[in-house]
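In the numbering used here, the protein residues as written are 1 to 634.
Among the clues, some could well be false.
Unchecked claim - Quick list of simulated restraints, FRET-style, between CB atoms:
1) Pro508 <-> Glu156: 31 to 37 angstroms
2) Asp67 <-> Lys152: 38 to 44 angstroms
3) Arg356 <-> Pro508: 27 to 33 angstroms
4) Asp492 <-> Asn2: 30 to 36 angstroms
5) Ile572 <-> Gly334: 23 to 29 angstroms
6) Lys478 <-> His137: 25 to 31 angstroms
The hints are simulated quantities; they were obtained by calculation from the structure and are not laboratory data.
What you are looking at is a predicted structure, and each value in this text was computed from that prediction instead of being measured.
We treat Cβ as the ideally placed atom computed from N, Cα and C, and that holds for glycine.
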Amino acid sequence: MNIRNFSIVAHIDHGKSTLADRFIEITHTIPERMMKEQYLDGMELERERGITIKAKAVRMLYRSEADGKDYILNLIDTPGHVDFSYEVSRALAACEGAILLVDASQGVEAQTLAHAHLAQTLGLKIIPVINKIDLEHADPDATEEQIWEVLKNPVESSRISAKDGRGVKTVLERAINEIPAPEGDARKPLKALVFDSFYDVYKGVVIFTKVVDGTLGAGKQISFYSNNAVYKVEEVGYLTPKLVKAQSIRTGEVGYITAGIRDIHEIKMGDTIFEKERPVAEPLPGYKDVNPVVFAGFYPVATSDYTPLKAAIEKLSLTDSSFDYQGETSKALGFGFRLGFMGLLHLDIIRERLEREFNIPLIATNPNVIYKVSAKGTAGRGKGAGTAGRGKGIGKADNVISTLPLPVPLPADSGYVEVTNPADFPHYGDVIDIMEPYVRADIITPLAYMEGTLNLLKEKRGEHVEIEYISTTRVLIKYCLPLSEIIIDFYDKLKSVSKGYASFDYEPHEYKSSDMVKIEILLHSEVVDALSFIVHRSKALHSSRLLCEKLKQLIPKHMFEIAVQAQAGGRIIARETIGARRKDVTAKCYGGDITRKRKLLEKQKEGKKKMKTLGSVDIPQEAFMSLLKINQDE
1 MNIRNFSIVA
11 HIDHGKSTLA
21 DRFIEITHTI
31 PERMMKEQYL
41 DGMELERERG
51 ITIKAKAVRM
61 LYRSEADGKD
71 YILNLIDTPG
81 HVDFSYEVSR
91 ALAACEGAIL
101 LVDASQGVEA
111 QTLAHAHLAQ
121 TLGLKIIPVI
131 NKIDLEHADP
141 DATEEQIWEV
151 LKNPVESSRI
161 SAKDGRGVKT
171 VLERAINEIP
181 APEGDARKPL
191 KALVFDSFYD
201 VYKGVVIFTK
211 VVDGTLGAGK
221 QISFYSNNAV
231 YKVEEVGYLT
241 PKLVKAQSIR
251 TGEVGYITAG
261 IRDIHEIKMG
271 DTIFEKERPV
281 AEPLPGYKDV
291 NPVVFAGFYP
301 VATSDYTPLK
311 AAIEKLSLTD
321 SSFDYQGETS
331 KALGFGFRLG
341 FMGLLHLDII
351 RERLEREFNI
361 PLIATNPNVI
371 YKVSAKGTAG
381 RGKGAGTAGR
391 GKGIGKADNV
401 ISTLPLPVPL
411 PADSGYVEVT
421 NPADFPHYGD
431 VIDIMEPYVR
441 ADIITPLAYM
451 EGTLNLLKEK
461 RGEHVEIEYI
471 STTRVLIKYC
481 LPLSEIIIDF
491 YDKLKSVSKG
501 YASFDYEPHE
511 YKSSDMVKIE
521 ILLHSEVVDA
531 LSFIVHRSKA
541 LHSSRLLCEK
551 LKQLIPKHMF
561 EIAVQAQAGG
571 RIIARETIGA
581 RRKDVTAKCY
591 GGDITRKRKL
601 LEKQKEGKKK
611 MKTLGSVDIP
621 QEAFMSLLKI
631 NQDE
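Based on the provided sequences and hints, a complete structural model is requested.
Below, the structure is given as structure tokens:
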């Protein structure tokens, strides 16, 4: 079978999208007049930020110079940032091989390690490729040694320059010769893998699929293994990367199908498609459930945008199944949603996409992680007790959001409950124990910046695991870190202490008991639930003072004095006062008895006192964003 399915994986900014451009040019998949840089990065945000956010599939036709045969090459370009690792895992599940791309000037980085290990776990054929050999400070020999160290196998690397096309054709030939053809039998009953999808206003849900066995064509009655829903296939075709209609998708090929599916919740990533008349005994392996690790509240600025925001989130969840959501309310912000993300960049991308693609201005609350809390009166309630049913699709209590996995699950009678929103924390007097999630972090940095990196890890409450020297100039540092310490500013600080040379990757590890405390912010003696946050007790005072000072600057003066207070464990630990806006009521008094002025001032004072009792505080949107920047200002 002359089909090759492969993916390009690498650390961020090592040249994946540029290499994909050269492949497209060599195979003449896109007319020359339509070609542009980073062609597959079609999303506006991707082109602005210079990163790949969504994995892209493209079908290329190529005649090999070695044997003169025609081949169908299905290429999937993947993201490099740690927040989008789930996109990489989905892409690799639809492939038989992977091109591991490494920058000759930077060498092996943290995400290179992660992607290489993932590809090896899936049993894929790995072709190492060293890119950017045209740079003056490139060191391909040292880079190749590092690749051998990572793969534990001295495989020869192809040396290329994706920018000018040098050596790229050799990589295509290697992909044809070394990557195995997909295994499958066209005579067997249909079995196809769902690896991506998006919503089209006219066609409904468009499903990207890889046919493992059988043939998928228009008019067939298909069913999904996860829910047994039955649909009639309306259209099938290939991705070039535009949708090109075809008669059928054969065994081993990658393409798309539409079946008039309007309910976006019917589709599950990693699901198996089969014919209604010929059901399969076992589904394909599929994917592990995505585990969001960072949570934040999204609220519409205008309350009338709540329903459009709900529809927008549901549509976006189809193209990005890695975030979860549930409805929630806030006294300060009204009705909104609590969303779970893979990281802070992921949060920022989803927020921008909602604002740009659906034109809905949003207020985002401060991000937080999932805590396990044991409190009086919760014994025997177990995992998830005491929290609202969280589901994909508001109002569907039976759909439970997947949470961060524990290596050793807590027993059902442990009395710990999961809390994703600081406002839902039990009363401080009832809390027995709080457990926070830790991650295993891999940091690769030049030896010259090792001391600064270790100091940063110590500041972030890190626990040493191992230090490994991967070359004479570079070191791999392995640490356990609290997830709450890295979700906001850790990456920026790491780049700062290492002059931009360090790279960082992490994976969930375990939960540990920590001395955490809930900080409540009071404005005018009223608790603002949307400004509450959880912090380690050692940093509670400093963080509280920073936030109170920031709120004092952001909240405009009212006609009465406003107290901005931070409360922890029932005690006020920080305070700032916003003075009242005052009119000069004595301006009209020119000389005369002083008692006239005093009478006017006393009258004003009484009015301020009355307003202080009855008045309410208007909080600007910037106040909620200020929490994101507290640690950066330290």
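Tested hints:
1. Pro508 <-> Glu156: 31 to 37 angstroms: At 35 angstroms between Cβs, range holds.
2. Asp67 <-> Lys152: 38 to 44 angstroms: 32 angstroms Cβ-Cβ, so the 38 to 44 angstroms window is violated.
3. Arg356 <-> Pro508: 27 to 33 angstroms: Holds, at about 31 angstroms.
4. Asp492 <-> Asn2: 30 to 36 angstroms: Violated, at about 47 angstroms.
5. Ile572 <-> Gly334: 23 to 29 angstroms: 27 angstroms, holds
6. Lys478 <-> His137: 25 to 31 angstroms: Given about 28 angstroms between the Cβ atoms, the range holds.
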